[in-house]
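K.L.:
Each chain is listed here by its residues.
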Amino acid sequence: MTDVILEKVGKTYPNGYHAIPSVDLSIEEGEFIVLVGPSGCGKSTLLRMVAGLESISTGELRIRGERMNEKEPAERDIAMVFQNYALYPHMSVYDNMAYGLKNRGMAKNLIEEKVSDVAAMLGLTELLQRKPRQLSGGQRQRVAMGRAMVRDPKVFLFDEPLSNLDAKLRVQMRVEIRQLQRKLGTTTLYVTHDQVEAMTLADRLVVLNKGKAEQIGTPMDLYNKPATPFVAAFIGSPSMNLIDANLTEQGIKISEALTLPLSHQHRGGIVWGIRPEHLEVSDEHNADFALRILAVESLGAETLIHGKVETELGNGDPMVVRLSGPHLPDVNSLMWLTAPVLHWHLFDAKTQQRLRD
Amino acid sequence: MTVTFPQKGLPWLLLLPQLLVTAIFFLWPAEQALEQAFYQEDAFGLSREFIGLENFAALFTDPLYYQSMLTTLVFSFSVAIVGMSLALLLAVMADRVIRGKLAYQTLLIWPYAVAPALAGVLWWILFDPSMGPIALWLKSAGVDWNHYLNGNQAMILVVIASTWKQISYNFLFFLAGLQAVPRSLIEAAAIDGASPFKRFWTIVFPLLSPTTFFLLVVNLVYAFFETFGVIDATTKGGPGQSTTTLVYKVFNDGFVGLDLGGSAAQSVVLMAIVGLMTVIQFRFIERKVQYS
Chain W
1 MTDVILEKVG
11 KTYPNGYHAI
21 PSVDLSIEEG
31 EFIVLVGPSG
41 CGKSTLLRMV
51 AGLESISTGE
61 LRIRGERMNE
71 KEPAERDIAM
81 VFQNYALYPH
91 MSVYDNMAYG
101 LKNRGMAKNL
111 IEEKVSDVAA
121 MLGLTELLQR
131 KPRQLSGGQR
141 QRVAMGRAMV
151 RDPKVFLFDE
161 PLSNLDAKLR
171 VQMRVEIRQL
181 QRKLGTTTLY
191 VTHDQVEAMT
201 LADRLVVLNK
211 GKAEQIGTPM
221 DLYNKPATPF
231 VAAFIGSPSM
241 NLIDANLTEQ
251 GIKISEALTL
261 PLSHQHRGGI
271 VWGIRPEHLE
281 VSDEHNADFA
291 LRILAVESLG
301 AETLIHGKVE
311 TELGNGDPMV
321 VRLSGPHLPD
331 VNSLMWLTAP
341 VLHWHLFDAK
351 TQQRLRD
Chain A
1 MTVTFPQKGL
11 PWLLLLPQLL
21 VTAIFFLWPA
31 EQALEQAFYQ
41 EDAFGLSREF
51 IGLENFAALF
61 TDPLYYQSML
71 TTLVFSFSVA
81 IVGMSLALLL
91 AVMADRVIRG
101 KLAYQTLLIW
111 PYAVAPALAG
121 VLWWILFDPS
131 MGPIALWLKS
141 AGVDWNHYLN
151 GNQAMILVVI
161 ASTWKQISYN
171 FLFFLAGLQA
181 VPRSLIEAAA
191 IDGASPFKRF
201 WTIVFPLLSP
211 TTFFLLVVNL
221 VYAFFETFGV
231 IDATTKGGPG
241 QSTTTLVYKV
251 FNDGFVGLDL
261 GGSAAQSVVL
271 MAIVGLMTVI
281 QFRFIERKVQ
291 YS
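Going down the list, the sequences are from chains W and A. Heads up: the first sequence is residues 1 to 357, going by the numbering used here. Heads up: the second sequence is residues 1 to 292, going by the numbering used here.
Chain W on its own, in the form it takes in the complex:
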């Protein structure tokens, strides 16, 4: 069943700034959708429009078939976890969680039951009488989630909830959020700028760029078949190598001295891409091209090699190679590489759209 529908939803600010031109998205019940994009791409604005904290300028938002544009945040049956948690500092953990239920006129014993259930689930039982300032970052995060869960809403909204935590805790909370969401089966809309968070949490991802949804799909769809160079560069770490090239009869002409053979009916300017992990080490005779090594980053489990494509006419485009395991090639030496055609990504330079394979 479709739970949340955004139909041509757009946002224009009173000063004329066109933050979001038009976004279409339909979310299935129980689905975990992540909105991801660089800062200023409009992802938080879109989330706040769903929450009712920002007005919707054009288009329509429907939750369970009901139009929500004119409804107050409280009437939308959503719960939100804020980036800074937004816990009420003068209230105890218990009161923070009970506040929404009290406002809805729930009976006191029912509130107690609900809060203690959720507190037990999140391991907050011991902390119910504390004030937010007496809690650690991870505990505050849990209280914020508890406050959202206790109301049993139709939709959870998360606005970069992990960005204030340290790296280790972030990984831990990421796993917890995913488990909880699976357990509760609540439809979730989650905003982040961190592509790792996005890839690991999402059932489906929405990559936003300048207020436009560049691509919507499962993490693997986006990884395997990015629709635009923007998505290609945004998803995956380190980013995909993207090089401006020309598609000719001979193949992909990367520079005057380097053409990779390919038969394709498209002609003209393209962006050629290959992921760092898909480049393979080869030898002088079988290689597609050579890389002049500029820097080596050894991470133990993998090695990142930064260099520039080298031809008879000199150094060209920068490129990153990712090899598993430790490698220690000399800086400034040459490395011979093959780029399997299977892993190429081609985009039209003008329309920025993926070319059919």
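Hints listed in this document are in silico derivations from the structure and should not be mistaken for laboratory results. Do not take every clue at face value.
Capping the alpha-carbon separation at 20 Å, the derived lysine to aspartate or glutamate pairs in EDC-like fashion look like this [claimed, not checked]:
#, chain 1, residue 1, chain 2, residue 2
1, W, Lys114, W, Asp152
2, A, Lys198, W, Glu75
3, W, Lys154, W, Glu310
4, A, Lys198, W, Glu72
5, A, Lys198, W, Asp95
6, W, Lys154, A, Glu187
7, W, Lys102, W, Glu72
8, A, Lys139, A, Asp128
9, W, Lys308, W, Glu277
10, A, Lys198, A, Asp95
11, W, Lys253, W, Asp348
12, W, Lys8, W, Glu70
13, W, Lys253, W, Glu310
14, W, Lys102, A, Glu187
15, A, Lys198, W, Asp77
16, W, Lys71, A, Glu187
17, W, Lys154, W, Glu7
18, A, Lys236, A, Asp95
19, W, Lys168, W, Asp152
20, W, Lys114, W, Asp95
21, W, Lys350, W, Asp244
With chain W held as given, fit chain A onto it using these hints.
P.N.:
Just chain A now, kept in the frame of chain W:
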């Protein structure tokens, strides 16, 4: 951080102007008042006689003095509560204004720049029973306004005049306090189903309590000690004793009644009250009601 001076003399030299001002205008008169409180002096200041604690004894058996204390309490709390309520209301509204915010806020701050005596005169004219526009309007509305005869009306007038000046100050602090309340808290409360009214009373107002407490102390001190100009310009403590606050009584008994000893004894009592309030102010403001 401690700054050390190579010579011993320089720091004293730098402190000297401030110390001189303090000594001449504060310590010396205070000492004079203390001394005078134990003497009875004739009206021309030509002779005086040591009478011990008699001035104090007279003071604390005088029903008029207790009356004045009560007047001061009523006056001070009225000024503090009315001034703070109105300022909070204005600040909440100013916080919501989007267009012309600066102009609105600047206009609200202006009354603070008006001298107390001028504020008094302004309200005195507005409420003058025979020609003041507000008094005439009140009369046409059926209220018989004459603060020269009616003690309660006189009290209302001095409260209005004193409050008006203080609203700007309160407004500034409340506005800053409101702007320090994180937006996300109010948004979270909105999602939690709290009406705007409820959001204010359960979230915003408790978070403002450090500001509110600070302003309460400041306003009480203001009403106690800094409203002499306003009262003198509007009612001169009258009619009868109805607007004679403790500070006004010091002046009235000393310089109008020429009972310098009695007036000095009252000053000493006031000094004790100031000391007490200062202690309260420092004790509580540093400790009480601090969030985050």
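K.L.:
If a hint holds in the structure, say so; if it doesn't, say that too.
P.N.:
Results for each hint:
1. Lys114(W) with Asp152(W): holds, 10 Å
2. Lys198(A) with Glu75(W): holds, 16 Å
3. Lys154(W) with Glu310(W): violated, 56 Å
4. Lys198(A) with Glu72(W): With a Cα-Cα distance of about 15 Å, the restraint between Lys198(A) and Glu72(W) holds, given a limit of 20 Å.
5. Lys198(A) with Asp95(W): holds, 15 Å
6. Lys154(W) with Glu187(A): Satisfied, since the Cα-Cα distance of roughly 18 Å is no more than 20 Å.
7. Lys102(W) with Glu72(W): With Cα atoms ~18 Å apart, Lys102(W) and Glu72(W) stay inside 20 Å; holds.
8. Lys139(A) with Asp128(A): Holds, at about 11 Å.
9. Lys308(W) with Glu277(W): Given that 20 Å is the threshold and the Cα spacing comes to 16 Å, the pair holds.
10. Lys198(A) with Asp95(A): Cα-Cα ~17 Å, so holds.
11. Lys253(W) with Asp348(W): Judged against 20 Å, a Cα distance of about 14 Å means the pair holds.
12. Lys8(W) with Glu70(W): holds, 16 Å
13. Lys253(W) with Glu310(W): This hinted pair holds, its Cα atoms lying about 14 Å apart.
14. Lys102(W) with Glu187(A): holds, 17 Å
15. Lys198(A) with Asp77(W): OK: Lys198(A) and Asp77(W) at ~19 Å, within 20 Å.
16. Lys71(W) with Glu187(A): Roughly 14 Å between the alpha carbons, so the hint for Lys71(W) and Glu187(A) holds.
17. Lys154(W) with Glu7(W): holds, 19 Å
18. Lys236(A) with Asp95(A): violated, 38 Å
19. Lys168(W) with Asp152(W): Measuring from Cα to Cα gives roughly 29 Å; hence the hint is violated.
20. Lys114(W) with Asp95(W): holds, 12 Å
21. Lys350(W) with Asp244(W): holds, 11 Å
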